[in-house]
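Engineer: Sequence:
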Amino acid sequence: MLKLLLIESNERVLRLLGESLGLDFDAKILSCFRPFDSKELIDRERPDLIIIRNSYEIDGEVINIANIIMNHLYDIRSKVPVIILGDFEFPSGGYELLPDRFRIEELKRLIIKSLKITPEQLRLMKLPDYVPMAIQNFHLMDTASSDIYIKLDSKDEERYIKRINRGDVIDHKVIQKYEDNLIENFYIKKEDHSHLLDELLHQSLEKIVKVAKSGKSIHEINSETYSISQNLVDAVGVTEQTVRLSNIAIAVMSKSIEAHKELSSLLRDILENKGSYAYKRNYLISALCREISPFMNWGSGDQLNNQLEKMTYLSFFHDIYLRKEAHLKIFQNSDTRNLDISAGDLVLNHANMAANLIQSYPKTPSGLDILIKQHHGVSTGVGFVENYSSNISPMAIVFIVVEKYAYYVLEEKIEDLKDIAVRKLIINRLYNEFHLPSYKKVVDTLSRLIIT
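Note that this note's numbering numbers the sequence shown so that position 102 is 125, with each residue one more than the last.
FYI, nobody ran anything at the bench for these hints, they're computed from the structure.
Keep in mind the model is a prediction, meaning the values are calculated, not measured.
Even for Gly, the Cβ is constructed at its ideal location relative to N, Cα and C.
Check each hint, because a few of them may be wrong.
[Unchecked claim] For lysine-lysine, the following BS3-like pairs were computed, each having C-alpha atoms within a straight-line distance of at most 25 Å:
#	residue 1	residue 2
1	Lys278	Lys386
2	Lys196	Lys178
3	Lys174	Lys297
4	Lys136	Lys196
[Stated by the list, open to error] Pairwise CB distance ranges (calculated):
#	residue 1	residue 2	range
5	Glu68	Glu112	24 to 30 Å
6	Lys26	Tyr97	53 to 59 Å
7	Ile206	Lys386	47 to 53 Å
8	Arg69	Gln355	48 to 54 Å
9	Ile127	Asn455	50 to 56 Å
10	Val445	Glu202	33 to 39 Å
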């Protein structure tokens, strides 16, 4: 735990700073205002950082407290970082300045700079004592690298009850029973959280290798890889490991699409696969984009390959935050009204969230974040467009139509898709939804595909 020493005579300022900094930096806040007490506290507690008012009055006398403390630190040869509030000069330097009137966010940024706090360290500081993790993540683990708890709420308190001990083999049937009882999260002690994430990533990578060697179909491997990537991106965000996982999933998906010579055989494999709906849809969208690309004026050679790579990334990441099949089938703002507040907010904001996420990913195709924001027709990434417009990227227009086509196809059985009347019905529904020429051109191209 960090120790922050506040040297300030104003009790109100001390209280406000102490409460805010204590919570944001998980810090022990020390405070005093008399020179002798301050020097003694520094010697005894060895704080990690000192925040000092430049001067103030004590019993009618102006005390240049910052000068006193800087001299003391010089005498004891301490290099503890110092932030001084107000005008100040000292010959040896070694301090940061903020004006008398400052915003607390400015102080926090200066603390982060002075202590060289990394984003990961800051994230851990802000975690509660017991950190929630989506219960689905634990299906990816075989052994528990930390104690795992459930939360029991009562009128008076929250209690955390240990359910899995560190080192235990995880029984996935037990995990499923918790899910069936509508428990959405397990809880990990704050100090174990980082280690558990490392183990989760490690075990997930091992799991992918084992699945690949098991003789399962390519779609079972791809579906599992996609699910692992989706869970970990949601739980951990952008790290070296999640980038690696996502890139593996995208590469495997691309290669397996290329390996199918006919769209009809690919579609049969998808529809007969037991993988997640999210994987099936994203795989099919990517395959359809590849199939119609020669008719979309996307160039040829390297230029076309770059555009196809962009569409593959878009297929993979556009709904990365949506896990429930029902949420993936929403295409209108009105359909979110029956959801609870958090689910409705997630569905309405998922495109913007995914676009922000992809901005942190290294070496992704340029402009991908814009396409992700526009994949429901709006430019902001929030909500769904009421009337489709041509004032978005042409590639986003292609994606919008292809996504809806994939949705209709996946609603049918493979046997029913053999019926030309069923296929015509799907195309007619698209024509009824998309009236603008730029959208109808994509429907025209899809209507000529041989999918069975």
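Engineer: Now, for every hint given, state plainly whether the structure supports it.
Structural biologist: Structure-based check of each hint:
1. Lys278 <-> Lys386: holds, 19 Å
2. Lys196 <-> Lys178: violated, 31 Å
3. Lys174 <-> Lys297: Given pair Lys174, Lys297 is violated - Cα atoms ~33 Å apart, limit 25 Å.
4. Lys136 <-> Lys196: violated, 47 Å
5. Glu68 <-> Glu112: 24 to 30 Å: holds, 27 Å
6. Lys26 <-> Tyr97: 53 to 59 Å: violated, 20 Å
7. Ile206 <-> Lys386: 47 to 53 Å: violated, 38 Å
8. Arg69 <-> Gln355: 48 to 54 Å: This hint is violated: roughly 60 Å between Cβ atoms.
9. Ile127 <-> Asn455: 50 to 56 Å: holds, 55 Å
10. Val445 <-> Glu202: 33 to 39 Å: Between Val445 and Glu202, where Cβ atoms are some 35 Å apart, the hint holds.
Violated hints for the displayed structure, listed by number in ascending order: 2, 3, 4, 6, 7 and 8.
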